[in-house]
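Heads up: the sequence lines are chains A and B, in that order.
Numbers 1447 to 2098, taken from my numbering, label the letters of the first sequence in order.
Numbers 86 to 372, taken from my numbering, label the letters of the second sequence in order.
Just so you know, these hints were derived from the structure itself, not from any lab.
Cβ atoms here follow ideal geometry from the backbone N, Cα and C, with glycine treated the same way.
There could be a bad hint or two in this list.
Stated by the list, open to error - Where chain B lies over chain A, by a calculated footprint (3+ residues, C-beta under 8 angstroms):
{"hint": "1", "stretch": "1464 to 1471"}
{"hint": "2", "stretch": "1574 to 1587"}
{"hint": "3", "stretch": "1737 to 1747"}
{"hint": "4", "stretch": "1857 to 1871"}
{"hint": "5", "stretch": "1999 to 2006"}
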Amino acid sequence: MNDHRRKGRRGSGPAEPYTRITRPMVRGRDGLLHETSWDVALDAAARGFAATRDRYGPDAFGMFSCARSTNEMNYVAQKFTRVVMGTNNVDSCNRTCHAPSVAGLSAVFGSGGGTSSYQEVEDTDLIVMWGSNARFAHPIFFQHVLKGIRNGARMFAVDPRRTSTAQWADRWLGLNVGTDIPLAHAMAREIIHAGLVNRSFVARATTGYEEFAAEVEPWTLDTAEQVTGVPAQAVRELAHAYATAERAQLCWTLGITEHHNATDNVRALINLSLLTGHVGRHGSGLQPLRGQNNVQGGGDMGAIPDRLPGFQDILDPGVRARFEASWDTVIQPRHGLNLTRMLDAIERGTLKAVYCIGENPAQSEADCEHTVERLRALDHFVVQDIFLTRTAELADVVLPAAAAWCESDGTATNSERRVQRVRRAVPPPGEARDDIAILCDLAARLGHPWTYAGAEEVWNELRALSPDHHGMTYDRLAEHQGLQWPCPSTEEVGPTYLHGRLWSDDPRLRGRPAPFGPVKHDPPVDLVDGTYPIRLTTGRRLDSYNTGVQSGGFASPLRRGENIELSPEDAAAHGLAAGEVVRISSRRGSVTAPVWIDPGLRPGLAFMTMHFPDEVDTNQLTIEATDPIAGTAEYKATAIRIDRIAAPAGAR
Amino acid sequence: MTAIPLQLPRRLVEFTLDGRQVRVPEGATVLDACRAEGTEIPTLCHGDTLTPKNACRVCVVEVEGARTLAPACSRRVDPGMEVRTGGARVRHSRKLVLELLASSTDLSTTPHVAGWIREYGARPDRFGPDAATRAGQEPKVDNELYVRDYGKCIMCYKCVDACGDQWQNTFAIAVAGRGFDNTVSVEHDAPLTDSACVYCGNCIEVCPTGALSFKSEFDMRAAGTWDESAQTRTTTICAYCGVGCNLTLHVQGDEIVKVGSPHDNPVTHGNLCVKGRFGFQHVQNRE
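So that you can see chain B by itself, here it is in the shape it has in the complex:
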């Protein structure tokens, strides 16, 4: 049996970011470097707990000498490379990506996207209403815990990776269909309750658009009562087994309305099980 090498301390590599000399640990991505330097890069399909999928292309940057733009989320820094994050090519590409996504998909619950659309001068409406190939689908409400609203899905694959071999290893969902018809689906597009789903909600944790949401959030949004500005977020310890998962409770009006977990937590890495994510209701069952 071979020994598995443990991680060694990493060397630093130096490169040029927007004209400045920057040093980052070997293996860091351009996105890691940009965030460390305070350079803002928009991302949608990137997940801080997931392997980059390069699906959305909204994070592209220019690398000197490269023919095509590179996704910052997965391009590793090479010594001596020169990266530009704000040139005309980059801005044009991001604008087009935002226009294509926002014209086809309902991004009304996607954080930050409205600001990026303004910043890059994107005009999603220029393709006309027929471009809305995804938006307007009926949300799938088939259980009391969470809702799948695929009209908001940008096919970033994060939920599939979180459910699959990167974290949960349940493999309840996959990408089905081709071209414009592709969609995230359980086997045979059955209701969730007839699927392999174990309701860990780790797909909700990584969903960047709100396509997957707690039913409590979905219902409150429908009733017009969801108000993130009125919510507190408090991190505490799960009430169940002895693993000690950290829960971040989202509370509005003294009610727990949503539960997450810190992505940098050494116990959970942002993941929970069904009890931790949804098992809070007992404290607020009142007469």
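If we strip away everything but chain A, and leave its shape as in the complex, we get:
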């Protein structure tokens, strides 16, 4: 390890919380990271980027931007990528969660945001929580759901696990992992055969109905029951409840998106809303719940490889021309690489330098050992973070950053498209600096002397380029406690729900009709068989978060470390008691963890989190099978086996 005090977690055993890094670090000839001055570190970082660009061209560079930093920082990071380095290789951890939601929604509606506001789930008649344990993962959204339930709405939970969300449901549909499309298609077929299609909406506002109806026709209730494990009667009940509700909200989270065919999953859910007209009205809509505080905003700001700020299509020459004029540059007229493909490109040797801001791919990516090997292969790796994460430990240059949410000014965008002010409440520790200032110093060293007086100046530059954000001045954001996009006018507030146009009587106002997606079922890649007989799925707990770098910092009385959660039936079949440490193996790796017995799991289904990777690295088990459209990995479906380590009866 490093010669200086090693910051971060020490040794094995229960992890100590990470401590903040306060000085820049550069890897020396001895192979270790040494603290140094900002000038030395920035020179080293810039020199490496310049050398990569000069030797291999702009596309040998990749930016991992940060879904937990501000909109302003994401705007500057993508501008750095496109203007200073000259590539579109910029992405963030949106790839590991909701990129399929963005891809699916924008393919159908032309816009990648959830269509509804939180208030609407209080005013609706039916709430479907599909692949979402919002009670744990989005607790304050779930308070709006609880208001809706108390106002008389029915709630259906569709989830392989009987979660704490399902405990509030009228019905729990415990489907087999990865059978969301059969369930959705069977609902669609039932809606069609029962004559419950919203015919006028389908005729006026959609395309591709006939093809879609043919695609779902084989999915009878009985066939769906065999594939999904959900009783036909329950599928029928949900189909009828959804189709006949005056208003209905369809909410989903990573149970839909962390699959190898995730964009198809999203399309299958959107199909249901098109069939019944549950979109584009108050109380009727589609609500993907996003997992990082600014993962919506990072994409909106263009920190994705296929969109310019304001979610504007990078393939549109008119759009590019406006940005090129403003930035005095030439933007490549093609999509860059997403995070998944950047990691592949590192392995192929075509991506040589990475600038990683506030992301922890060494622990967050599926099959993470593989990711660590790839990051080690980089010629030049710069990490900007608030902690010396496992990812930062691999870097050539480590730049200590301010914590965006409380040490920076700016804005962030939430799951209901509400842009809200982020404000500096405390100073960053030691020599840690604001992300934007660091980016500008690097840009200056690479020939682009940008000066922003502050985050507001960045925001106003963005407002001039993004029609959807134009009306959102900082003053108005403060006055209205946030504004929802699209907000083109400084005189009006944005709509609370999207796509009301689809209900217009005037075909011109209706705009492009929404296409059905005739998607096909494709079971999880990692097959359950005699050797790996148990299906492992993953998710969050209430008091912890992602790789635990943030949430490990406070003393939660609820925290119980990593466990392998098993159904009572499987625990009994293996002769396991709660607390016994077992070996969990997949086709890629193996870890050990104590058993926790959860009666909410059905036989054959196991559950783990990713919150404690320093103790139990769950992502050594997961499979890197990724969605071809959005690049999201199938974290939700791993085939595992459980083996005892200790002999029973006190041998340990």
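For this one, chain A is given, so just place chain B on it according to the hints.
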């Protein structure tokens, strides 16, 4: 399935407040009207995010024609009603309520109460030291996040409502015991760590007396370093999931010492989860 009616625009109703004609939206309470008119009414058990419980009776007002005083926090305005907020009956009643509460309970951390005691001429000490039936209990310190100091509890029920069906729906706490012995408690009066509590801290957000407090505040008060005049309050966005909860960070000496959320915020309505309320420590974990 029946449609749920969405809220319609409300009509205005007119009534007399301390001799003045006042118009308020239909359904407004006397307290809403008083606050809109700038008439000060003391409140303890009233919560701006909660349904009134009418527990403390410190907000009572006189309604012409009514036999008893009415709690302003829950009495809705009727057209033509006449309300007086400062008469002798009202002042006497408030004085007695303050005397009973302040003699039995430790109100040392209750905002505004010292001023009201002066204003209404209350003398809590006239009942003697034996009246202190609650004050002096040992605070319950059983976890690193928050402290329950029931010597400061006035049994206003706000924490129970916030934990229960009005917001959190966790139902970890309820009122236990009867008469002088009643108290807010988890099941079997167990430590919090053996209860259903999920540490959202939404009970702390609504507690009017400081009976429930962040452990950081409790420790700083014990050490004599808690100084609200030296604190800043800055509202920003939570560092965790994508719901976008607004956090109000209370900062003293460049350290976050307490976290709340604006009660009128459309995302949170003043509520947070354990990560938002207590998950700030990572930014100030230093070598």
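Hint check:
| no. | hint | in the structure |
| --- | --- | --- |
| 1 | 1464 to 1471 | holds (count 4) |
| 2 | 1574 to 1587 | holds (count 5) |
| 3 | 1737 to 1747 | holds (count 6) |
| 4 | 1857 to 1871 | holds (count 12) |
| 5 | 1999 to 2006 | holds (count 6) |
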